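Chemist: Sequence:
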Amino acid sequence: MTVKLVLVDDQEMVRRGMRVIFENQQGMEVVGEAADGVEAVEITRRLQPDVVLADIRMPRMDGLEVVRRLAGPQAPEPRPKVIVVTTFDLDEYVYPALRNGASGFLLKRSGPALLVEAVRAAMAGDSLISPSITVRLLRHVTGNRAPGDPAPRAEALTEREGEIAALVAEGGTNADIAAELFISPGTVKTHVAAIQRKFGVRNRVGIAVRAFERGYTFSRRPK
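Numbering (full-length UniProt numbering), first residue to last: 1 to 223.
No wet-lab data here; the hints were simulated from the structure.
From a predicted model like this one, the values you see are computed outputs, not experimental measurements.
In the EDC-like style, the derived pairs of lysine to aspartate or glutamate whose C-alpha atoms are separated by at most 16 Å in a straight line are:
#, residue 1, residue 2
1, K4, E117
2, K4, E33
3, K189, D176
4, K189, E161
5, K108, E12
6, K198, E161
7, K108, D10
8, K189, E117
9, K4, E29
10, K198, E163
11, K198, E155
12, K198, E213
13, K189, E163
14, K4, E23
15, K4, D50
16, K198, E159
With the sequences and hints as input, model every part of the structure.
Modeler: Encoded structure:
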């Protein structure tokens, strides 16, 4: 199956760069581009891509409104996965984007590998967030729990699963975790699925929250 993509950014050079990245990936095809939010919504509804990658600050309609109109609870079907790709990691952007249905939030400096993995994660029903945002997001989420309110109970993880949960909480991709633990990405994927089941969560963000609540950490060996 080929994943159809629409790229949304008011800078042509940024769109061109992302197009080069995705055109070099097997099974991914850029079917459209938009330079502002209004155009993004129109093109997406016409072309019905699988994934939309959108900037935040754009003319006529910003990326948060694009997320709401395309992926929010009131958005018409079919709803694409929308990944925010921006220069700005301000809380006023991150939380509304995720609440409104974004399937990922990446910084433009994240690099090609994370962009590609974010698309794959979105297609698998998962969410991927830039590592530099993850800890702040977790503190925001866990900080909203009422004082004395215990974390939801969950089945205990194995030692390996605990390591992987901690690395997910740090924002690690499957490839990052595989390299860190000297295992295959496929093995990481299997463990991640098991962790989701044990924690009772649906995606990596949920794993990160539970790992943060339970104090899972990963001790790196000295190099």
